[in-house]
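A.B. asks: If you want the building blocks of each chain, they are given just below.
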Amino acid sequence: MEQNDWKLLKEIAELEKTPQGAYNIRRNGALDSRSSTANIEIVTKTEPGKSGIDIHIKPGTKGESVHIPVIITQTGLSEMVYNDFFIGADCDVDIIAGCGIHNSGCETAQHDGLHTFHVGKNAKVRYVERHYGEGEGTGKRIMNPQTEVYLDEGASIELETTQIRGVDSTKRETKVVVGANAEVVITEKLLTHGDQVAESDMDVILDGPGASGRVISRSVAQDSSTQVFYPRMTGNADCFGHVQCDSIIMGGAKIKSIPAIVANHVDAQLVHEAAIGRIAGDQILKLMTLGLTEEEAEEKILDGFLQ
Amino acid sequence: MLEIKGLSYQVEGEVDILRDIDLTIADHQLVVVTGPNGGGKTTLAKAIMGLVPPTSGSICWNGTDITHMDITNRARLGVSYGFQQPPRFKGLRVKDLLALAAGSGSLSHEEGCQYLTRVGLCANDYIDREVDASLSGGEVKRIEIATILARRAGLMIFDEPEAGIDLWSFARLTETFRAIHAKREATLLIISHQERIIDLADEIVMVQGGRVVKHGPKDEILPQIMANTVSGCSYMREEAK
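Protein sequence lines, in the order shown, are assigned to chains A and B. So the first sequence is numbered by my numbering: it starts at 51 and just counts up by one. So the second sequence is numbered by my numbering: it starts at 1352 and just counts up by one.
These aren't lab readings, by the way, just hints derived from the structure by calculation. Keep in mind that this is a model prediction, so the values were computed, not measured. Each statement offered as a hint is correct.
Subject to a maximum C-alpha distance of 35 Å in a straight line, what follows is the list of computed DSBU-like cross-link-like pairs (lysine-lysine):
#, chain 1, residue 1, chain 2, residue 2
1, A, Lys67, A, Lys95
2, B, Lys1441, A, Lys190
3, B, Lys1441, A, Lys57
4, B, Lys1441, A, Lys174
5, B, Lys1441, A, Lys304
So that you can see chain B by itself, here it is in the shape it has in the complex:
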């Protein structure tokens, strides 16, 4: 279980990025975090992974307080995070990265290929390639997601997994999320604006202005979000008529 209490993150001279966030996510839930750009979603995800040090509050994962734990130890406890803009590595090949993610010295060819297939990449074309600037943004993004799959972590956080991914691969990806969820293999926290991903959710968390403004079952929250989106925008109101 992931329990976040009173989590805040402030940067001096700037607005508060996270403000007193309380959030509890039960095991094996698929939770989609959504909300307007700049609302604090990525910062929240990074704070869970340890990439951002919170100013106050606490984060507990499976009963362990990880608030002040370093990234490495959080990862070893089963927290994983797929970067919104993954870095590239000159010289490191896709199979090297997947092997590091899987935590084994070497990953079998079949296993590596399996992870790539699950994100819609043709394994044979990619397994030996370097994760460098020769790959497109969408390709790197999918390799990033494959590394999270290879970790087989208890908590998988994906930060806008749909960004830069073509329609066909995206369909494959949503199937992968659905399958992980169906097997109850992990708790999934997915930052997304995509209806097809939101549709997979057990719960939706809406983050806006650094706060959790809505949190509840999908069937309850989604209609509220949709209603607000249309009523809050005069242009969309006109369109809806």
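Just chain A, same shape as in the assembly:
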């Protein structure tokens, strides 16, 4: 591991040293280091043509975490990774993922991944994923994450995804199938700048009675960047779903937000809210009256919004 690698690990997973508990660090398309625990086993996929890992978490595992960061510092590297999570019943675990690219060359560095979660009965999962890009090179930094989640009865998952600056192009696809009395909360935070492009396509299917889903998306588009959101919430049972998309638009950016709610059951309660707007002038003025400069005020407003 070099200094740049640790810097990326700090950005995406707040790691300053080898993590506690189970972990799998992937660096430049290959395994860097791995550790399994008594309850969490990480194994390399054996299917031909599929690079990635399977993570098995024993039923009843509580208070443990798994770190699975990916870092790329090699310009021109492009990879597709498949990670499957099998989370046993009654677990309560944190999964910290994320991808950081430092591209100092002129070729594109790209990480695409498909994470599939099978969450057992009454299990509770918190999944945190940060995407970060940097590097002085002209090569693009591209990330296209796909996430599929299947929640068993009474299971719950909090998906927190963050991409603040540095990623030139991203297409995020998320699909969650929510079983009876299960719950999903998706929090998405995104900041694009320059001529970056980001697209987020989300499908939440509330499939069982008592299922609930919440999508909270907050984004900031600066300069001439472009964002497209397409969150869909489908209710197939007596369920509750809420989609909230808020965006701040700046400079010459473009944002398209197309939330959709689909009810296939008479007791499905679905709500969506979407708003796009610039920073309100009186917000800036208020913070200036507290002694901040206009630039500092803008920064605080954006920080708070994406907090």
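Given chain A, put chain B in place with the hints provided.
C.D. replies: Here is chain B on its own, set in the frame of chain A:
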């Protein structure tokens, strides 16, 4: 000391909003600015804070001419202003706003709670809440006042602090104004129509039609205002009989 000389503000095609205002306020005075709606009170307050650029005249604060100074620098010199209709911030929490106001990266939990208590808010219920649309008008207003308290500025301007605030919290607020004044911590300029706030004043300034029409000690000005209010309105005259 706040010294305003010949301050005017005109908007093309509209009546003059401020007309040649002269006003001097000594240190640590509690001055209530009152007068009919649309008379120019808020514009005067905003001009002092730098939110409105005057067309002519000057504003000096503690001997420094701040007439052409930007909002940020006025704030750093100790001028503060509580908005009549404060903005809301999605994502910024009450404690974040109070910390920004206090000028420190982080505000201790106790300090934050103290400011909220002084405006009649139960600190534990509010300190972690976002200053967004989930708060009522009265709640946002009180948080706004708490940010001014947290600034500990030399000049505190409050624009109708009573608006939207329930009776019980209002009583707490007047006590807070009284306490700041008693400690001679700051010069207070309060735009208000409330008798209980007017009652705290050392001086009253009456602004009407963009001009200062009366300015003097409370005991002198208040009876004049009350007399004019009753005699100027035929309905109230009948009621008074």
